[in-house]
Structure formats: structure tokens, C-alpha cells
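*Asks:* Kindly generate the complete structure, drawing on both the sequences and the hints.
Residue numbers (this note's numbering), protein chains in the order written: chain S, 1 to 346; chain E, 1 to 346.
Everything labelled a hint here was simulated from the structure, so no lab data went into it. A portion of the hints provided could be inaccurate.
Which copy? The list can't say, so a pair holds if one copy fits it or any two copies do.
DSSO-like cross-link-like pairs, simulated, lysine-lysine; straight-line CA separation at most 30 Å [stated by the list, open to error]: (1) LYS62 - LYS219; (2) LYS270 - LYS208; (3) LYS208 - LYS114; (4) LYS270 - LYS219; (5) LYS62 - LYS153; (6) LYS44 - LYS153; (7) LYS208 - LYS62; (8) LYS120 - LYS44; (9) LYS208 - LYS197; (10) LYS208 - LYS176.
What you are looking at is a predicted structure, and each value in this text was computed from that prediction instead of being measured.
Protein chains: 2
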Amino acid sequence: MTSEHLTNHQIRLASRPVGLPTAANWQTTTEPVAGPAAGGVLLKTLALSLDPAMRGWMNEGKSYIPPVALGEVMRAGGVGRVIASEHPGFGVGDVVSAGFGVQQYLSLAPSDFKRAGLVKIDLGLGTLTQWLNVLGMPGMTGYFGLMDVGQPKAGETLVVSGAAGAVGQTVGQVAKIRGCRVVGIAGGQAKCDWVVKELGFDACIDYKAGPSAVRDGLKAHCPSGVDIYFDNVGGDILDTVLTRINRGARIVICGAISQYNNTTPVQGPKNYLSLLVNRARMEGIVVFDYADRYHLAVAEMAGYLKDGRMSSREDVVSGLENFPAALTRLFTGENFGKLVLQVAAD
Amino acid sequence: MTSEHLTNHQIRLASRPVGLPTAANWQTTTEPVAGPAAGGVLLKTLALSLDPAMRGWMNEGKSYIPPVALGEVMRAGGVGRVIASEHPGFGVGDVVSAGFGVQQYLSLAPSDFKRAGLVKIDLGLGTLTQWLNVLGMPGMTGYFGLMDVGQPKAGETLVVSGAAGAVGQTVGQVAKIRGCRVVGIAGGQAKCDWVVKELGFDACIDYKAGPSAVRDGLKAHCPSGVDIYFDNVGGDILDTVLTRINRGARIVICGAISQYNNTTPVQGPKNYLSLLVNRARMEGIVVFDYADRYHLAVAEMAGYLKDGRMSSREDVVSGLENFPAALTRLFTGENFGKLVLQVAAD
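*Replies:* Pasting the structure below:
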């Protein structure tokens, strides 16, 4: 196959956002698609994962990975198809996961495979969008954050915020399978109903139901206190959960979506001294640290998807050009399930 | 010995403070001293430990131990002498450690021994005031907070705030013995000089030297970042240290003296997401959890005091009646070394 007639539409970071990203922060470019480098592969993007962490990558300054540079194609993980290959390990038609970036095509030289996280994926284990959800980065984040930092024990009570999101789905369902009482926190009754009825959580608190909804909900649904809190949101919800933790509780700091678009300083947890009173722990997690064990979590959770003990929900938006608008839905909470940008049908 | 002519002067909590405790929060009472109960002991207070944690005990509400009730003798740990005994395990003249309370005498029935933490102490291992410092509660807090939560490894950099205080002295010296680079944070040049010259810390930052003193000091004295931060103060200093932590850092939350007299909410650490970026941990410690291992830490540190690898400094105020004024010196930082209230000479 030749690629000379293909055009690669791309979305690049044009400027660093102040607060919520706007159209002005993005720049659309087109490039001709070059064939694969010697020994390399040419990939076609099928779907991209849209994640809260992307907001952090748009900021200047040191973090767990370097920021996206101005003018660079926006970083995004995704799944796609090999459309040309000069590498014996990949054949045309293979489905792969990689750091595609927000663009239609990606050419990788063999020296880039590792950096891009290029791996073949097996659609027998899960659907394409599940590979961006439970079997992808959010699933790995939830699984290892829960297991390694949360350390769930049967009979303990786990609370997870962003319960209907990609990480939250995974955390709550795996914790249920491990024998925990699981209480979600999500925005809106529809998400709460789904989390309880479809995912089997014991309860779910709608934080939008009123100013004391979280406090009252925790009191009602966590009568024995909170042993593990998996935090995706930060802010007031983190502070409220801190008032209900048990002795020896573990708080997994996975994210703080409520704070990512702040134009004022991050709201620190004013109740952090509850960690002292309760000999509790607050610990951060970055998924990349577990890369050498992803395959184990994938195998385990693919089994749960197959036997019906886990299910998943993805919220799919179509069209590369809709990336900017789709991304903001994460921060307004409009997405219902793991947010996926479908770039091509196949 | 009979006790019928002895009078027990006591200081009781009269009202709960708002902000810094004042004279109006205290009430002085006198009671005749009763002889020991059947099988019990009568103790004479020699010296009391004045600690930042006392401020927390004066507040209403759930904590790691119940608050001091209004009208109750103020809680305080101390050392004293057995002046009458009907218990075979204690003889007149024995020196003991116990929860004396802020009073001159304490009568304990055998059923109270455990609750009061009554144990004989050996003045061959350390002086009376060292038994309230390195060999007492602050020493145990520092030792176990460092070893169990901080988990120091040779070559790591440890920062400790309240470095010249009772807990800070212990933490820094034990960490030095464990092979860490140790940087203190203390208020004033005199304390900093003492910590470096007498205790052998690698450096000490005077947080009162200017608004950027801590930031600049950490940059200068922790060129490889911070692996362990033992926090006694909270507030801005905690937030500044959070910007300098290394991957996998441990932050031991021992106290937050900067916040104890707040009349506004506690200042939460706005840089707590540094825990995420650095896969770091913030964990609370309460000394009582380690009671069954105190003897091991006492034996180890008594050895260091003897062979000169550790030293200690106590700031001794005399007279039970000076308790209220002495306590406030903790919060203004006027004390230099572990603050002790000497109640009787022997």
C-alpha cells in the first residue's frame, strides 16, 4: 500500500489555556502522510481516549511527563490499525494501541515503538472502545491505583468519585469483586442509577443534588466509615470524605478534575489533619509505573467482561474536528461513561 | 507515709479557647490528697511535658483521644515519684512516668495503671527531663514516625520542621545516625545554629528570615530534592516542601502547630497534587499505636545519649502556676528545646 494520497488532519496546541480550554487554544493542520520509515509502521487512528489528564499536559511546567509543546500535535492515547508495515512483528490490518496524538495517521520508526507504547491488541478480549476504557489506560489506572495503593480487603468500604467515568467504573467494579462495599459519587441521577443498577455498586451519591448531598450521602451509605477513598475530583468532595475516613484509611490521589481549570490556586484539603487523627494515608498514583504489569490486569479484567462480572460504558463522539468541543465535556461532566473520540470507522 | 496534710494544686480546663489559649480558659483548684487506693499508688508530680498536641485536646469533638472535659484537670504526661504504695510492683521513691495531669499529686488505683500509662523509669538511661523528651512521648513520636512511616534509607534527604523542638531533635538525630542528609527548619538563627552545631544536622533553615527563606533554603540545602519530610507545622511550610519532594517521597504528618490556634479553617496544602506527580505519600502518625515497642526505642536512644551520638535540650519552666503562660510559649515559638514544666524539685 502506498500512502502518497493520504492527508493527515491534525490538531495542535496553539496556546496554553487559562481556565477551561477554548477553540483559540487549538490549531488545525494538514500534512501529507509519508510511508513507514525503514522497519517501521504506518498507523491509521480509529479512536482516541479523551482524559482529564490532558488538561494537565496543556500546562507549562514540570509534571510526571513533559507538557505538550506549543505547536505540537496534542498528545492522546488511542487505538488504530496498521495500514503499512515494514516490521515483521506487525502486519497490515493488525489493531494496535499507541500514543497516536490527535491526528488521523501516525508513522512510527522502530526506535519510536517503545516511547509510543505501541502494542497489538486483541479484539477477542474486548471491543475497540473497551480497549480505551477498562482495558486501556483508565482501566490500568483504576486497577493498579486500587490494588497497589488502595489495597482493598473484603468487607471494607470503598468510595470512588467520578464513579461513572472510565477510572471510576473500573475501581468500583473491581472493588466489588474483591468483596468491598462500594459507594460511588457522580454528577446527576442518571449516572448514579446506572452505577448502581448496571455496575452493581451498593450506592451512588449525586453530588449535584444539593450542598450537603455528599455529607449526607456518606453518612447514610457508609455507616461503618470509609476505608478507601479513590479520588478523581479533589476540592470539596475530597474534604468531605476526609471527615468520614476510618483508622488506617487509604486515599488514592488519582486526579482532581474539579481543580484542573482553576484560575486560582488549587484548593488544598483543609481536613488533611484527619490523616493524623486516623493514621491514614494519602498517596498519588501514575499509571505508567505499572506498565510491566498491564498484561496481567488486562487478562483479569477481560475475564470479568467475558463472564459478565464487569461491564463498561463509553460515550463516543465522532470526528477528529470535534476534539476541542468533546474535551470540554469532560470538565462540565456532560460525558456519561468513558469519553472516546471516534476518528475513523475502520 | 500518710498524705492527710498534703494539698493538691490543680489546673483545670475552664472553657474552650478560641485561638490562642488565655488565662480565662483555666481554673485553679485545690484538693486534699487522699492516700493510695487499695493496691494503688500515690504519686508526686516532678515535671510535666508541655506539647503542641495539648491545644488539640482542649477542643471539643472527636480526635484520636477524647477532648479534656470542661472542669477536668488538664491532661499532661509527666514524670514523678512514688510517695506511697500499696502495690508490690512500686516502692516509695521509685521514679515513674504517667499521665499525671496538670497537678501536684496523682492517686492511681491498680485498675487505672494501664490507662494512665504508669511505668517505672530508669534515671540511669537518661535524666528526668530527657524522659520527657528523647526518651518520652516526643521521642517515641519522632522515632516511630520516622522509622515506620518515613522509612529512612541511607543517602536520602530528610527535612524536619520544628527542628529544635522535642520531636524534631529526635527525628533529625536518628535520621543522621541512619545515614540521611538532614535539613532542619526552625524559627530564629539561635535555634538553627544549635541544630547544626550541637545536633549535627547538615543544615537548618530559619523560616523567620524572610518570605522566601524556606523556598530558597530548600533549594540550597536539598540539591537532590526531599525524600522524607517530617511535618510538625503544616501551613505554608508544608506547601513549600511539597514543591521539592522526590518521586516516592514520604511526608509524615505529625502535627500542624501553625494551624492549632487558627480561628479560620485549617490551611489545606494547595500543592497536595505533588503527591500524584511524584507518587508520594502523606501519612499521619499517633504515638500511642507504638506503645508495645516504646522499650525498644528507649533502649536504642538511651545508648545514643550515652555514647554521645545524640544529645537533647530541654527548656524548663518552674512552678505549676506558670502552666498557662508556659503553654503559650510553644505557640509563639519562644521555647528553645523541649518545653518542660518543673512542678517539684524532688
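*Asks:* The structure should be examined with respect to each hint, and the outcome stated for every one.
*Replies:* Cross-check of the supplied hints:
Taking CA atoms no more than 30 Å apart as the test, LYS62 paired with LYS219 passes between copies only; the shortest distance there is 16 Å, against 39 Å inside one copy. In the homo-oligomer, the alpha carbons of LYS270 and LYS208 lie at most 30 Å apart both inside one protomer (21 Å) and across protomers (24 Å), since each shortest distance falls under that limit. Proximity of LYS208 to LYS114 under the C-alpha cut-off of 30 Å is found in neither arrangement, the shortest distances being 42 Å within a copy and 49 Å between copies. Both within a single protomer and between protomers do LYS270 and LYS219 lie at most 30 Å apart by alpha-carbon distance, with minima of 20 Å and 26 Å respectively.
Proximity of LYS62 and LYS153 under a CA criterion of 30 Å is satisfied inter-copy only: 26 Å between copies versus 35 Å inside one chain copy. Taking the shortest alpha-carbon separations for LYS44 and LYS153, neither the intra-copy value of 43 Å nor the inter-copy value of 48 Å comes in at or below 30 Å. For the identical chains of this complex, LYS208 and LYS62 are inter-copy neighbours only, at 28 Å across copies versus 33 Å inside a copy, given an alpha-carbon limit of 30 Å. In this assembly of identical chains, LYS120 and LYS44 lie within 30 Å of each other by CA distance solely inside one copy; the values are 13 Å within and 76 Å between copies.
Taking CA atoms no more than 30 Å apart as the test, LYS208 paired with LYS197 passes inside one copy only; the shortest distance there is 19 Å, against 57 Å between copies. With identical chains, the CA atoms of LYS208 and LYS176 are at most 30 Å apart within one copy only, with a shortest distance of 24 Å there and 51 Å across copies.
The structure fails to meet hints 3 and 6 from the earlier list, while all remaining hints are met.
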